[in-house]
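One line per chain: the protein sequences are L and B, in this order.
Numbering-wise, the first sequence is residues 1 to 184 according to the numbering used here.
Numbering-wise, the second sequence is residues 185 to 368 according to the numbering used here.
Derived by calculation from the structure, the hints in this document are not laboratory data.
All C-beta atoms in this analysis are idealised placements derived from N, C-alpha and C, irrespective of residue type, glycine included.
Be aware that one or more of the hints could be misleading.
[Stated by the list, open to error] Away from chain B, derived, C-beta distances all over 12 Å, residues of chain L:
| hint | residue |
| --- | --- |
| 1 | ARG107 |
| 2 | LEU119 |
| 3 | GLY123 |
| 4 | GLU140 |
[As the list claims (entries may be wrong)] Covered by chain L, according to a simulated footprint, are these stretches of chain B (three or more residues, beta-carbon under 8 Å):
| hint | stretch |
| --- | --- |
| 5 | 216–227 |
| 6 | 288–301 |
| 7 | 342–355 |
Protein chains: 2
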Amino acid sequence: MATPSSLRGPSVRTVPEGDTRERVVCPDCGFIAYENPKVVVGSVVVSGDRLLLCRRAIEPRRGYWTLPAGYLEVNESTMAGAAREAFEEACARISIDGLLAVYDIPRISQVQVIYRARLAEPGFEPGPESLEVRLFAWDEIPWDDLAFPSVHWSLQHYGDWQRTGDERTRGTPEGASPGRLQGL
Amino acid sequence: MATPSSLRGPSVRTVPEGDTRERVVCPDCGFIAYENPKVVVGSVVVSGDRLLLCRRAIEPRRGYWTLPAGYLEVNESTMAGAAREAFEEACARISIDGLLAVYDIPRISQVQVIYRARLAEPGFEPGPESLEVRLFAWDEIPWDDLAFPSVHWSLQHYGDWQRTGDERTRGTPEGASPGRLQGL
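For reference, chain L alone in the conformation it holds in the complex:
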């Protein structure tokens, strides 16, 4: 029985010739949809001793606070991507100071590259994906209303970097429960 053409497209899992893994292949045209992990780029942005967070206007985790972060685009460097996300989500122009962390979230095939940054100009406001953008002093951070575990990790690692002066790039916290891991 023929599949309606509106339902066609890559949909069969098979190991292509010369490959070692199953890929999603279109049985009609032979197109191989390689699935690859995605890179999320973001930043902990400060202004003086306050940190910038965005309240999400979109699902998942609408209404919760997050870093400006999102998927790296084709032909974009990770720093350029982090700066673009800060501009898109918080209308903020940032200067990047260093590589804070690289987090692996294999359950959802993400690698997150998180920079330390400063506001390069004083202004910011919510972009289309944010309900609200605010600067928080460390003691004001809404820990219980953060959108994702990696936001928590990033802020903790930023605080640790600031307290210790240890500029080594941080990785996924030991003992991070796989069940709790979600993407940004």
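Assemble chain B onto chain L, guided by the hints.
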């Protein structure tokens, strides 16, 4: 005129509804083939004070020397991927010591995550993608026969890390000429 079905599949560039960028879309089924940057994972592997390099058995750059490195797979952490590549290309079991470098190669949409590692067991031999695997003392490194600029960067950054003890993760060298940039 109908396109032969053997030539169908994602082939039209258009901006999907709700998106901001052109994507490759299949006009038959509406499948959107998101193109994302890819993550390459690899390692500078040492045994004592010698460094492990693999001579490539495959194009591009067949016959030239490289680090064990390759594309990160779905549901794989960057450390697990680097260890898998060392095993596939050099039949080497490694222990990872730290994050040496993160390189951006936007021209070819790659982010390279390179670890420092040691041989965890003494043995190694060429995997199917290698002609030869060898340990080189620093003075023996075949600088003129390295496969890619990022191999050169990784080895230089490893040497710098070893000389200075500075454990900060390195980034793409300043002034790396875009014309010279190639992937691993």
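Against the structure, the hints:
no. : hint    : result
1   : ARG107  : 7 Å, violated
2   : LEU119  : 22 Å, holds
3   : GLY123  : 22 Å, holds
4   : GLU140  : 30 Å, holds
5   : 216–227 : holds (count 6)
6   : 288–301 : holds (count 6)
7   : 342–355 : holds (count 4)
Hint 1 from the earlier list is the only one contradicted by this structure; the remaining hints agree with it.
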